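Novice: Whole structure, please, built from the sequences with the hints as guidance.
Each chain is listed here by its residues.
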Amino acid sequence: MFVKNCWYVAAWTDEVGAEDLFSRTILNTPVLFWRDSEHIVRAMIDRCCHRLAPLSLGKKVNDCIQCNYHGLIFDKNGQCISAPAQTRLPKMSVQTFPVVEKNQWIWIWMGDENLADPNLIPDIFWYDHPDWAYKPNGHMHYPVNYLLIADNLLDFSHLPFLHPTTLGGSPDYASVLPKVTRNDDGLRLEKMVNNTEAPGYSKQHAGYDENTKVDRWMYYDFLIPSILLMDAGMYPTGTGSYEEKPANAISFKSAQALTPETEHSTHYFFGQARDFALDDHAVSDAIYNGIIQAFNEDKEMILGQQRNIMLNPSHPMKALSVDSALSQFRWLIDKKIKAEQVETTQQIYTENIV
Amino acid sequence: MFVKNCWYVAAWTDEVGAEDLFSRTILNTPVLFWRDSEHIVRAMIDRCCHRLAPLSLGKKVNDCIQCNYHGLIFDKNGQCISAPAQTRLPKMSVQTFPVVEKNQWIWIWMGDENLADPNLIPDIFWYDHPDWAYKPNGHMHYPVNYLLIADNLLDFSHLPFLHPTTLGGSPDYASVLPKVTRNDDGLRLEKMVNNTEAPGYSKQHAGYDENTKVDRWMYYDFLIPSILLMDAGMYPTGTGSYEEKPANAISFKSAQALTPETEHSTHYFFGQARDFALDDHAVSDAIYNGIIQAFNEDKEMILGQQRNIMLNPSHPMKALSVDSALSQFRWLIDKKIKAEQVETTQQIYTENIV
Amino acid sequence: MFVKNCWYVAAWTDEVGAEDLFSRTILNTPVLFWRDSEHIVRAMIDRCCHRLAPLSLGKKVNDCIQCNYHGLIFDKNGQCISAPAQTRLPKMSVQTFPVVEKNQWIWIWMGDENLADPNLIPDIFWYDHPDWAYKPNGHMHYPVNYLLIADNLLDFSHLPFLHPTTLGGSPDYASVLPKVTRNDDGLRLEKMVNNTEAPGYSKQHAGYDENTKVDRWMYYDFLIPSILLMDAGMYPTGTGSYEEKPANAISFKSAQALTPETEHSTHYFFGQARDFALDDHAVSDAIYNGIIQAFNEDKEMILGQQRNIMLNPSHPMKALSVDSALSQFRWLIDKKIKAEQVETTQQIYTENIV
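Chains as they are written, first to last, in the UniProt record's numbering: chain A, 1 to 354; chain B, 1 to 354; chain C, 1 to 354.
Just to be clear, a hint being listed does not mean it is correct.
In this list, chains with the same sequence are indistinguishable; a pair is considered to hold if it fits within one copy or across any two.
Within a straight-line C-alpha distance of at most 30 Å, the following computed DSS-like cross-link-like pairs (lysine-lysine) qualify [as the list claims (entries may be wrong)]:
(1) Lys335 x Lys76
(2) Lys4 x Lys318
(3) Lys179 x Lys336
(4) Lys318 x Lys59
(5) Lys245 x Lys318
(6) Lys335 x Lys213
(7) Lys318 x Lys135
(8) Lys76 x Lys213
(9) Lys135 x Lys91
(10) Lys179 x Lys338
(11) Lys213 x Lys179
(12) Lys338 x Lys203
(13) Lys59 x Lys76
(14) Lys135 x Lys338
(15) Lys203 x Lys60
(16) Lys299 x Lys102
(17) Lys336 x Lys59
(18) Lys59 x Lys245
(19) Lys338 x Lys76
(20) Lys299 x Lys60
(21) Lys318 x Lys76
(22) Lys191 x Lys318
(23) Lys60 x Lys318
(24) Lys59 x Lys338
(25) Lys191 x Lys336
It should be emphasised that the hints constitute simulated quantities derived from the structure, not laboratory data.
Because the structure is a prediction, the values reported are computed rather than measured.
Specialist: What follows is the structure, encoded as structure tokens:
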């Protein structure tokens with residue numbers, strides 16, 4: 001079960017080239033992404049309605065997609081406009097999906113397309129802004145349900161333990177719980193840790209002295225379906241505040257997105273922008289590689305959880321205070337899924353009386 | 001569910017050498033094939049009745065098969081004739097199956113052996129006839145149910161799309177629907193396309209001019225369980241007819257057979273004979289390689305269908321006119337399976353009253 | 001379903017080094033093995049009670065185990081003694097298991113720990129005794145249920161067929177059935193074959209003439225859950241008896257243990273000690289390699305059985321006289337599992353009335 005009426009990240013814009021027929025499974029549905037003659041990204045189900053052949057094995061013909069099995073042609077709206085072996089054109093179509101290209105990501109709406117409001121897509125301006133620099137195209141594939149990864153992103157008390165040399169910092173970082181606020185579309189987590197050790201990756205780049213203690217902030221929204229938007233950074237303790245940052249403060253803006261592929265696998269998109277050393281590609285690479293190292297540390301742990309879950313699928317987890325955010329988020333997701341089910345039932349009911 | 005009372009192709013004769021204990025799973029049943037001292041192919045279940053060990057790990061002993069686990073010996077009829085550790089010979093046997101070696105293929109009957117009439121085996125004389133040449137031993141393994149491959153073979157409107165450089169020809173080829181006739185044991189498809197482009201593989205071999213248009217025929221029977229017997233060919237348009245072929249007509253005779261391994265996997269046997277350049281092995285190789293290329297194009301598409309089916313097993317296909325033959329064939333198969341079930345029930349009932 | 005209240009072999013002592021966090025799944029349960037500061041082996045479930053992370057990805061801290069995900073620390077008794085992000089220590093614990101290190105093997109008790117009597121562990125003194133020599137650490141992993149391997153070990157009539165060049169001997173060896181005695185904790189099998197051919201491995205090492213016939217004994221206990229303890233050997237026929245062995249008799253003592261990993265996979269531990277050529281490592285290696293060769297012959301056969309079982313899971317086996325021991329053993333196992341279920345039910349009932 002997935003939330004359907006929301007925007008999911010489907011791909012980095014680079015992944016769908018001008019001539020590509022790019023296939024990616026999202027919410028258990030095979031989807032074909034391609035660009036029309038105006039370079040606009042289009043999405044339709046990657047499954048011909050005739051014999052279920054993948055349309056991504058076909059080709060583009062005049063802003064339409066031709067299935068390579070029996071030659072059926074579907075236009076941008078999914079309507080079948082040609083069937084070579086038929087005397088009469090069959091009334092057939094394939095499903096299309098609203099897609100929006102914005103801030104380097106391609107977003108897709110898998111639910112009721114009447115509700116697909118592009119204004120609901122979060123503004124990840126730092127992926128396109130001259131004041132911010134990063135290495136794009138961060139992408140990992142996970143053979144687990146997306147909520148197990150969301151759990152990880154909703155509780156950063158794991159940082160000093162799992163990522164001691166990269167994102168980590170000192171153990172006291174774990175003992176400061178974030179302030180968690182629940183909104184309709186997700187959670188806000190605010191965590192400020194004063195007078196703590198700087199994490200490995202910032203020591204490296206900010207130029208702080210080895211013994212410099214820092215005030216470190218991590219403020220982020222975690223939005224349904226699973227979009228993390230973070231403002232984080234630090235400055236030497238005693239030199240300023242979050243509101244009035246000193247000149248040698250360093251800031252990061254991160255956007256991360258989990259998109260279920262199936263109930264048991266997930267696409268993970270991420271990028272980490274900074275406000276310093278903007279033109280230094282070596283810094284971009286170093287930060288990216290640090291992220292990859294840390295995310296692989298996460299992955300090893302999460303795959304271990306998954307293995308234990310598969311050995312005993314009904315064994316319960318036990319909640320701690322650190323689980324406040326992730327428990328609330330799972331509750332929000334459940335609530336939204338149930339609301340969508342009720343809407344669907346009502347819709348069917350209304351259609352029947354009309 | 002499979003049709004049981006019919007002949008399935010089990011192997012090319014070459015696959016079962018004089019000393020081999022050859023194992024192949026057919027209709028979910030492990031079968032051991034071997035040759036007795038008169039070089040006659042025998043088939044018995046590849047599963048000792050004692051502890052279910054594969055007999056193919058054993059050895060031949062005087063026209064019998066000895067299990068290599070506990071030494072039980074079974075004769076050609078499956079009867080246990082020796083049990084080393086027993087004082088009294090146990091009344092035990094393993095199932096044997098009627099097999100017939102004919103025209104380079106080994107055929108097996110998996111149903112009621114009283115019904116196994118060798119005269120029901122189709123005559124594929126061109127595999128053994130001096131007027132025809134081909135490269136034998138065509139065999140592919142497919143991880144899908146056999147009906148998905150039968151669909152492909154029952155609708156050649158896909159040729160110009162999926163096989164443009166090999167079997168294909170021009171798109172007009174797709175628009176001529178075959179005449180489909182239903183018989184008790186399968187379908188007959190007759191397709192004659194006049195004044196069309198010659199497919200890649202024939203341009204190469206027939207010596208026609210690049211611009212020569214041809215009349216192209218493809219007449220075939222598709223018999224239960226899934227045996228395709230085809231007479232196909234072409235001649236330059238305006239130089240003759242199917243009945244009165246000109247000297248530079250080229251003809252092919254093809255036999256292809258699908259044999260279910262399990263509900264989800266299939267053996268595919270095939271050979272394509274020609275009536276020209278009979279002694280030229282390079283032509284045999286070129287035609288064989290073209291077939292393999294085309295069949296791999298089919299395989300990529302069929303595996304794509306399979307992947308889509310597995311993502312959403314209950315999603316329906318939508319029928320077009322081109323699906324007439326394959327819809328009828330699936331109907332014939334269903335009918336035959338149901339008839340066999342009724343026969344089995346009646347048999348049990350009759351045995352009980354007698 | 002497994003017998004729970006008994007000692008299983010978990011590992012060779014060498015497998016758990018002083019600094020290791022060694023993970024092995026036993027009876028479908030992930031278990032962490034480690035050594036405390038006194039070098040004593042400890043076992044706890046390899047699954048943090050919080051979010052089910054593997055504790056084996058954590059580290060040792062002062063004779064405790066710290067989970068590397070959120071830093072929880074568990075002491076030797078499984079009690080949580082530290083939770084970095086909590087203001088109040090949560091009442092939490094992870095399951096620990098009784099373990100005993102004895103005669104080179106680490107034994108674990110997966111059932112009711114009040115019943116875990118170390119005196120129930122069999123005495124495999126020859127793994128530690130100066131009169132016996134062997135190469136240790138024999139271990140194979142099997143993707144089948146353990147009972148299929150137990151079947152193999154409970155019927156040595158397969159030796160001359162499956163292991164003709166190693167353990168085998170002549171076919172007459174198969175025709176002498178062992179005397180089988182049933183006890184509460186397993187079976188005793190006694191087999192003495194007089195005037196038979198010496199098996200390959202002993203011809204090689206005992207220095208007997210090629211044509212020497214031997215009297216060969218194989219006496220063993222096969223104990224629940226699946227522990228084989230064997231006394232075997234031979235001497236030239238006519239030179240003595242089992243009770244009064246001649247000087248050139250050779251003896252072996254073998255211990256083999258099957259430990260279920262899951263319902264469909266098994267750990268197999270084994271070692272074969274001898275009473276001759278004690279200081280000759282080449283003989284240790286040769287015997288070990290012969291065992292490995294023979295056990296691979298077993299494995300090929302057992303995997304073949306498994307494949308046949310998976311094709312038709314409900315197909316029955318047919319019993320012969322040689323199956324007496326293995327049928328009785330399966331019966332004993334079933335009886336013990338049922339008894340444990342009754343005990344558990346009674347316990348729950350008693351606890352409820354008190």
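Novice: How do Lys338 and Lys203 come out at 30 Å by Cα distance, when the copy is not named: within, between, both, or neither?
Specialist: Intra 46 Å, inter 62 Å, cutoff 30 Å: neither.
Novice: Please sort Lys191 with Lys336 into within, between, both or neither, judging by C-alpha distance up to 30 Å.
Specialist: within (27 Å within a copy, 56 Å between copies)
Novice: Within a copy, between copies, both or neither: where do Lys318 and Lys59 come within 30 Å Cα-Cα?
Specialist: between (51 Å within a copy, 21 Å between copies)
Novice: Regarding Lys318 and Lys76, is the shortest C-alpha distance of 30 Å or less found within a copy, between copies, in both, or in neither?
Specialist: between (49 Å within a copy, 20 Å between copies)
Novice: At 30 Å max between alpha carbons, let me know whether Lys191 reaches Lys318 within a copy, between copies, both or neither.
Specialist: within (23 Å within a copy, 55 Å between copies)
Novice: Have a look at Lys59 and Lys338 and pick one of within, between, both or neither, based on CA distance no larger than 30 Å.
Specialist: Close neither inside one copy (39 Å) nor across copies (42 Å); limit 30 Å.
Novice: Please work out whether the CA atoms of Lys338 and Lys76 approach to 30 Å or closer within one copy, between two copies, in both situations, or in neither?
Specialist: So Lys338 and Lys76 fail the 30 Å test inside a copy (32 Å) and across (44 Å) alike.
Novice: Checking Lys135 and Lys91: alpha-carbon separation at most 30 Å within a copy, between copies, both or neither?
Specialist: neither (46 Å within a copy, 44 Å between copies)
Novice: At most 30 Å between CA atoms: does that hold for Lys4 and Lys318 within a copy, between copies, both, or neither?
Specialist: both (29 Å within a copy, 25 Å between copies)
Novice: How would you classify Lys213 and Lys179 at a CA-CA limit of 30 Å: within, between, both, or neither?
Specialist: within (22 Å within a copy, 78 Å between copies)
Novice: For the identical chains here, do Lys135 and Lys338 meet the 30 Å Cα criterion within one copy, between copies, both, or neither?
Specialist: This pair counts as neither: shortest intra-copy Cα distance 38 Å, inter-copy 61 Å.
Novice: Have a look at Lys335 and Lys213 and pick one of within, between, both or neither, based on CA distance no larger than 30 Å.
Specialist: Neither way: Lys335 and Lys213 sit 42 Å apart in one copy and 66 Å across, limit 30 Å.
In summary, the structure is inconsistent with hints 1, 5, 6, 7, 8, 9, 12, 14, 17, 18, 19 and 24 from the numbered list given earlier, while agreeing with the others.
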